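Chemist: Please build the complex by placing chain B on the supplied structure of chain A, with the hints as guidance.
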Amino acid sequence: MFIVLTSLAVAGVVLLFTLMYLLSQRRKVVKRDKSRDAVSMLAVMGSGGHTREMLSLVNSLGAHYSPRYFVIAETDKMSEHKIKETETSNSEIIYIPRSREVKQSYLTSILSTMRAVVFSVPVVFHLKPDVILTNGPGTCIPVCFAGLMLRITGLHHTTVVYVESFCRVESLSLSGKLLYYLIDDFFVQWPQLKEKYPRAKYIGRLF
Amino acid sequence: MQTLFKLGFTHVTLQTGRGQVKPPDHPGGEGCPSLTCFGLKNSILEDIQAADLVISHAGAGSILDALGCGKKVLVVVNEELMGNHQTELAEALAKEGYLHFCGVSSLLLSLQTMHFSNLTPFPPGEPEKFAAHLDQVLGFS
Numbered sequence: 005m006f007i008v009l010t011s012l013a014v015a016g017v018v019l020l021f022t023l024m025y026l027l028s029q030r031r032k033v034v035k036r037d038k039s040r041d042a043v044s045m046l047a048v049m050g051s052g053g054h055t056r057e058m059l060s061l062v063n064s065l066g067a068h069y070s071p072r073y074f075v076i077a078e079t080d081k082m083s084e085h086k087i088k089e090t091e092t093s094n095s096e097i098i099y100i101p102r103s104r105e106v107k108q109s110y111l112t113s114i115l116s117t118m119r120a121v122v123f124s125v126p127v128v129f130h131l132k133p134d135v136i137l138t139n140g141p142g143t144c145i146p147v148c149f150a151g152l153m154l155r156i157t158g159l160h161h162t163t164v165v166y167v168e169s170f171c172r173v174e175s176l177s178l179s180g181k182l183l184y185y186l187i188d189d190f191f192v193q194w195p196q197l198k199e200k201y202p203r204a205k206y207i208g209r210l211f
Numbered sequence: 005m006q007t008l009f010k011l012g013f014t015h016v017t018l019q020t021g022r023g024q025v026k027p028p029d030h031p032g033g034e035g036c037p038s039l040t041c042f043g044l045k046n047s048i049l050e051d052i053q054a055a056d057l058v059i060s061h062a063g064a065g066s067i068l069d070a071l072g073c074g075k076k077v078l079v080v081v082n083e084e085l086m087g088n089h090q091t092e093l094a095e096a097l098a099k100e101g102y103l104h105f106c107g108v109s110s111l112l113l114s115l116q117t118m119h120f121s122n123l124t125p126f127p128p129g130e131p132e133k134f135a136a137h138l139d140q141v142l143g144f145s
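So the sequences go chain by chain: A and B. So the first sequence is numbered by my numbering: it starts at 5 and just counts up by one. So the second sequence is numbered by my numbering: it starts at 5 and just counts up by one.
Next up, chain A with everything else stripped away, as it sits in the complex (with noise of 0.2 Å):
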C-alpha cells in the first residue's frame, strides 16, 4: 500500500510539473519539418461510437499521413474487424492495456490507468508520432500525455489533436476535461459546447 500511494505521489507531482510546463509553453508552436513529404500518425482508437467516428476521421487523410498507427484497447475485438476492414499496407494496429472497463471501480481505475501509462510511454517514445488523434476513450490519456511529453523533452514534435465525439452534446467528456487546457487543436462537434468552452474549434459536423 506504502509503495502504491508513493507512486501515486510521485506520478501526481510530474503530472502537476507536466501541465505548468505545457500551460507555459503553449503557445509557442515549433513547425513541422517541410523537408519530409509524409507526416505519422497515431490514432487511439475506443470502442463501439468512437472508433466509428474515428476511422471516418483517419479515412478523410490524405495519402501523406504515413505510416498510420492504431492503437486499441487489447480486449476490442470489434474495433480490431473495423479497423482491418479498411487499413492499408501502411498501417500497424498496436494494443495497449485498457484504462478503464465500463462500470469499473474509482480506485482500481487509478491502477489499471498507471498501468497503462507505464504501457503507453514506451510504445509512443518509440513511434514518435507526428500527429495523434483521438476523440476521447479512456484509453487515449496515457497516449496523450505520453505525446505530450515527447514534446516537452524536445525529442520529437508531436501534435496532438482532439476531437470530441458526437454524443457529447452539453458537457466535454472526462478525457475532454483533462486535455482541454493541454491541446491547441480540440474539437467539438456542437456549436452549444463551442460556447461553453471557447477554447475549442467547432468547424461543422465531422462524422
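For the record, the hints were derived by calculation from the structure and aren't laboratory data. No false leads were slipped in.
The calculated lysine to aspartate or glutamate pairs, modelled on DMTMM-like cross-linking and capped at a C-alpha distance of 20 Å, are: (1) K81/A with E91/A; (2) K99/B with E199/A; (3) K200/A with E174/A; (4) K75/B with D51/B; (5) K205/A with D139/B; (6) K132/A with D139/B; (7) K205/A with E132/B; (8) K198/A with E95/B; (9) K99/B with E83/B; (10) K198/A with E100/B; (11) K198/A with E130/B; (12) K45/B with E89/A; (13) K75/B with E50/B; (14) K88/A with E50/B; (15) K198/A with E174/A; (16) K133/B with D188/A; (17) K198/A with E92/B; (18) K45/B with D29/B; (19) K200/A with E92/B; (20) K76/B with D56/B; (21) K132/A with D41/A; (22) K76/B with D51/B; (23) K133/B with D189/A; (24) K99/B with E174/A; (25) K76/B with E50/B; (26) K205/A with E130/B; (27) K10/B with E34/B; (28) K45/B with E84/A; (29) K45/B with E78/A; (30) K200/A with E95/B; (31) K181/A with E92/B; (32) K75/B with E100/B.
All values derive from a computational prediction rather than experimental measurement.
Modeler: Showing chain B alone in chain A's frame:
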C-alpha cells in the same frame, strides 16, 4: 409485434446484443410479422440497409449508422438515464427533427402515434473539413 404488423411491417430483425432474452425465430402470420433474431455481429450495416424503420438504443454509433443510411429512426432511451449524457445525443437530434425518441414505457404509444414522414433528412458529416484543417496545421497546404 401486432402493432408493427398493423403499421404494415412484415418482418422484424432483432439484435439482442449481450442480453439474456433471445426469442426464437418466428415465421410470422396471424397478425404478426416474421422475426429473426441474433446476438452480436461485427457489423449490422446490412441489416440496417434492409430496413425501413430502425428502432435503436441511444448509442451514438447505432444512431449514426441508421441516420447515415437514410433510415427513419426511433430511439428508445432508458428512462432511468434521462437527462444523462447518454440520452443527450438522441434528445438533441430529435430537437433538430432528424429522429424520434421515446422512453421504454412509451414505445408502443409512440409507434402508434408518431409520424415518420415529417423527419428531416440527416446531412452527412464533413470529415474533409477536418482533413483540410489538419493539413494546414501541419504545413501541407
